[in-house]
Amino acid sequence: MEVSLVPWSPHDLGVLERANTPEMTRHLGGPETDEQVRARHERYLRDRETGASHMFRIDVDGHTVGGIGYWPIEFDGEPAYEAGWSVEPAWQGRGVATEALRHLVERVTAAGDRRLLVAFPWPANAASNAMCRRAGFELRGTSSGPWRGQDVTYNNWVLDLGAE
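The sequence shown begins at 1 in full-length UniProt numbering and counts up one residue at a time.
Simulated from the structure, these hints should not be mistaken for laboratory data. Nothing here was measured: the structure is a model prediction, and the numbers come from that model. Every residue, glycine too, gets a C-beta built ideally from N, C-alpha and C. Mixed in with the good hints, there may be bad ones.
[What the hints assert, rightly or not] Estimated spans, in silico, between C-beta atoms of each pair:
1) Pro22 x Thr142: 19 to 27 Å
2) Trp71 x Thr142: 16 to 24 Å
3) Pro31 x Pro146: 13 to 21 Å
4) Arg107 x Asp61: 14 to 22 Å
All chains should be modelled from the sequences, with the hints used to inform the complete structure.
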């Protein structure tokens with residue numbers, strides 16, 4: 001099984017549409033409207049051109065199965081990148097997301113402009129929390145804040161890209 005990251009393109013709207021189900025968004029506050037999904041797709045395309053974020057579709061042996069990306073943030077007063085991902089249910093539990101995250105870490109490390117990569121899965125998202133642990137991220141507590149119109153608590157997973 002070959003997992004690859006392909007830069008986000010105008011043809012990738014379907015990746016977001018397939019991920020916009022109650023099952024896939026239960027740890028994100030639920031599905032977005034069709035308009036919100038289209039706007040996010042357009043933002044991914046604009047941000048790719050400006051460098052504001054780096055989004056990729058996840059392909060397995062040439063079949064598109066999800067998306068992953070990273071974008072600049074500040075974490076505890078330090079410049080960082082935040083990572084986010086989704087993998088279609090039929091491909092979950094097969095190591096696809098973990099391998100995609102490994103590829104993403106390589107890209108972020110190669111960029112060399114920020115020391116930290118962070119991820120913020122909700123505590124109930126056992127799969128994403130386990131994936132962060134397997135990828136070498138360190139759990140640094142929890143935080144709370146607004147997300148899609150509600151207050152949520154999320155785990156703070158941090159990968160120090162400069163650690164040996």
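The hints, checked one at a time:
1. Pro22 x Thr142: 19 to 27 Å: holds (24 Å)
2. Trp71 x Thr142: 16 to 24 Å: holds (21 Å)
3. Pro31 x Pro146: 13 to 21 Å: holds (18 Å)
4. Arg107 x Asp61: 14 to 22 Å: Holds, since Arg107 and Asp61 (Cβ atoms, about 20 Å apart) stay within the stated range.
Of the numbered hints stated above, none is contradicted by the structure.
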